[in-house]
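S.K.: One-letter residues, chain by chain:
2 protein chains.
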Amino acid sequence: MTIVNRRIVLASRPVGAPGHDNFRLESVAVPAPAHGEVLIRNHWLSLDPYMRGRMSTSKSYADPHPLDAVMLGGTVGEIVASGHDGFAVGDTVLAFGGWQEYSLVAGEALRMVHRVDPKLAPLQRYLGALGMPGMTAWYGLHRIIEPKAGETVVVSAASGAVGIVVGQLAKRAGCRVIGIAGGPEKCAYVTDELGFDACLDHKALRDAQDFDEALGAVASAGVDGCFENVGGLVFEGTLRRMNAFGRVAVCGMIAAYNGEPVPLRDPTVILRSRLKVQGFIISENPADMAEAFRELAAIHIQGQLKYRESIAEGIESAPEAFFGLLQGRNFGKQLVHLV
Amino acid sequence: MTIVNRRIVLASRPVGAPGHDNFRLESVAVPAPAHGEVLIRNHWLSLDPYMRGRMSTSKSYADPHPLDAVMLGGTVGEIVASGHDGFAVGDTVLAFGGWQEYSLVAGEALRMVHRVDPKLAPLQRYLGALGMPGMTAWYGLHRIIEPKAGETVVVSAASGAVGIVVGQLAKRAGCRVIGIAGGPEKCAYVTDELGFDACLDHKALRDAQDFDEALGAVASAGVDGCFENVGGLVFEGTLRRMNAFGRVAVCGMIAAYNGEPVPLRDPTVILRSRLKVQGFIISENPADMAEAFRELAAIHIQGQLKYRESIAEGIESAPEAFFGLLQGRNFGKQLVHLV
Chain A
810 MTIVNRRIVL
820 ASRPVGAPGH
830 DNFRLESVAV
840 PAPAHGEVLI
850 RNHWLSLDPY
860 MRGRMSTSKS
870 YADPHPLDAV
880 MLGGTVGEIV
890 ASGHDGFAVG
900 DTVLAFGGWQ
910 EYSLVAGEAL
920 RMVHRVDPKL
930 APLQRYLGAL
940 GMPGMTAWYG
950 LHRIIEPKAG
960 ETVVVSAASG
970 AVGIVVGQLA
980 KRAGCRVIGI
990 AGGPEKCAYV
1000 TDELGFDACL
1010 DHKALRDAQD
1020 FDEALGAVAS
1030 AGVDGCFENV
1040 GGLVFEGTLR
1050 RMNAFGRVAV
1060 CGMIAAYNGE
1070 PVPLRDPTVI
1080 LRSRLKVQGF
1090 IISENPADMA
1100 EAFRELAAIH
1110 IQGQLKYRES
1120 IAEGIESAPE
1130 AFFGLLQGRN
1140 FGKQLVHLV
Chain G
810 MTIVNRRIVL
820 ASRPVGAPGH
830 DNFRLESVAV
840 PAPAHGEVLI
850 RNHWLSLDPY
860 MRGRMSTSKS
870 YADPHPLDAV
880 MLGGTVGEIV
890 ASGHDGFAVG
900 DTVLAFGGWQ
910 EYSLVAGEAL
920 RMVHRVDPKL
930 APLQRYLGAL
940 GMPGMTAWYG
950 LHRIIEPKAG
960 ETVVVSAASG
970 AVGIVVGQLA
980 KRAGCRVIGI
990 AGGPEKCAYV
1000 TDELGFDACL
1010 DHKALRDAQD
1020 FDEALGAVAS
1030 AGVDGCFENV
1040 GGLVFEGTLR
1050 RMNAFGRVAV
1060 CGMIAAYNGE
1070 PVPLRDPTVI
1080 LRSRLKVQGF
1090 IISENPADMA
1100 EAFRELAAIH
1110 IQGQLKYRES
1120 IAEGIESAPE
1130 AFFGLLQGRN
1140 FGKQLVHLV
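In order, the protein sequence lines correspond to chains A and G.
All residue numbers for the first sequence refer to this note's numbering, where the first residue is 810 and numbers rise by one.
All residue numbers for the second sequence refer to this note's numbering, where the first residue is 810 and numbers rise by one.
It cannot be assumed that every hint is accurate.
Same chains, same names: a pair is fine if it fits in one copy or spans any two.
Capping the alpha-carbon separation at 30 angstroms, the derived lysine-lysine pairs in BS3-like fashion look like this [unchecked claim]:
1) LYS1085 - LYS928
2) LYS1115 - LYS957
3) LYS980 - LYS1115
4) LYS928 - LYS1012
5) LYS928 - LYS957
6) LYS1085 - LYS980
7) LYS957 - LYS1085
8) LYS980 - LYS957
Bear in mind the hints are in silico, worked out from the structure with no lab data behind them.
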């Protein structure tokens, strides 16, 4: 029986916001795995903002994704055929399988394939709260912001895959937590369901002064930690409200991903307020990832790690779901349910 | 005998660059110290960029300096009359005596008066390499940049009071050191006399692209540490050349002190290169200051701490020397020799 793999490749590089023209859906036959190879049926694909950067050739922390290659991305799935002693048919695995229904993995790339426990959590959770976004939240909060009880922490993209976890961990650390999200529904979610102390709806704020006043009203003691996922005016406005010795974990600057960067109009705030502003990428900190996973799993087992997912159905829906992610249309972790 | 104290007060707040109108020279009689007070004859006054910020009312790390009050500043001098058991006539002291020939110090302010050893170094050195600028250099380099041997460190305002020490300490740490200074004379000094590996004359570079190419030519392995004293385009250009996990100690942003801040056009570089950008003020780190002083003094005793001073004569010359400092006309530590 021939297995047909449907996959999406990078057809061209976007100028500004990506569109359907930049992707191409292909159907190809999948061979049986040779010795040392495994064939994974990908049940879930993770969509993440970093993918936008890889579509371009501009300098970043990683090389640009090659044209005509399958779009990259984290996946969870199941081994359906194995030529490798370390993996058996039926194993559930986290992998970097890309935007496709089946992945044939061999050699070095097998180091990115990790068995996960399907009894601990639904499989897709390993792409969210128990996966890269959850560990990203943990690292930025505990290794860069290092919050103390009673401090105020601001989280942008608060209802996104990372922000949801940042806020819950900051509450557990005894902080006052202020989310920033787009729209009343998202704000209600992070305050009412996740227990954030306040949330600013940036869509309801007209300009920088509006934002400054709104943040001042909910952060009357100033801001000590900022977990930055967005960049742009919200970033600048939060910096202005930071207390002396504030810490900023720069995780994402999605506001700039589709075009020109948004300038930081007054970088002297870093000196005036003696801030530490630090960028990071979770995959570069493997030792911390292990610790983060253990702590997140422990909270999850207690039933205390709340999470939310936006699910698109079928590989063909991945591009549209990705556009929505870049525009903030997702609510929680953006996933694609494959096969 | 009546002692007459000549002093300079803040007469008005500058808009843009400060001018002579903002200062007023006064002569007043000095009373003998009462019980618990000391009278210091100030031999040397330190001029520093931070004073510009205190002349304005804009938000900073310190309150604005009051109008009609004596301009603030570090001094070294000699006790000429004492009503305090802890200080004897003839003691040489570091103090925060301000822009004046004599300071009458009492109460809480006495905590800022510290005896210094006139045999260890010329008195004015306690305002430079062995004082706040030297300790600032030590802290930013060793506590924020934390350089490893073989790394490349960029120092802006390289021939200034702080930059001179940063570069020498970075060379001692085994780094490749690149200075940025204004003019060929300053550049020759930091390479030929201080042993920096290279120096860029920012006055000879026309624009950001020029700077980028020049820095790339002398920092072919990229930049790992940046000690920032200037801000503006030089700051942005250095960030662009930084390697992954680079560290930036933000000590000063003099480019913005007289007017509008210079935007950081592309803050996403912090994320792309996973930089740590941290502002600091030496006086907030007293434990480190003590360690810094010990280390600087040890190097000085070995005759290995090179230093340079620009000296203005007489209190009446302080405003003009201060304007020069803000425009980069000083060469090394800017001092005023008083009485």
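S.K.: Are the hints correct? Go through all of them and say.
M.R.: How the hints compare with the structure:
Taking the shortest alpha-carbon separations for LYS1085 and LYS928, neither the intra-copy value of 40 angstroms nor the inter-copy value of 39 angstroms comes in at or below 30 angstroms. Only within a single protomer do LYS1115 and LYS957 lie at most 30 angstroms apart by alpha-carbon distance; the minimum there is 22 angstroms, versus 42 angstroms between protomers. Taking the shortest alpha-carbon separations for LYS980 and LYS1115, only the intra-copy value of 12 angstroms comes in at or below 30 angstroms, while the best inter-copy value is 51 angstroms. Within a single copy, LYS928 and LYS1012 get their C-alpha atoms no closer than 40 angstroms, and across copies no closer than 66 angstroms, so neither meets the 30 angstroms cut-off.
In this assembly of identical chains, LYS928 and LYS957 lie within 30 angstroms of each other by CA distance neither inside one copy nor across copies; the values are 34 angstroms within and 46 angstroms between. With identical chains, the CA atoms of LYS1085 and LYS980 are at most 30 angstroms apart both within one copy (22 angstroms) and between copies (25 angstroms). Both within a single protomer and between protomers do LYS957 and LYS1085 lie at most 30 angstroms apart by alpha-carbon distance, with minima of 16 angstroms and 20 angstroms respectively. Within a single copy, LYS980 and LYS957 get their C-alpha atoms as close as 11 angstroms, which meets the 30 angstroms cut-off; across copies the closest is 37 angstroms, which misses it.
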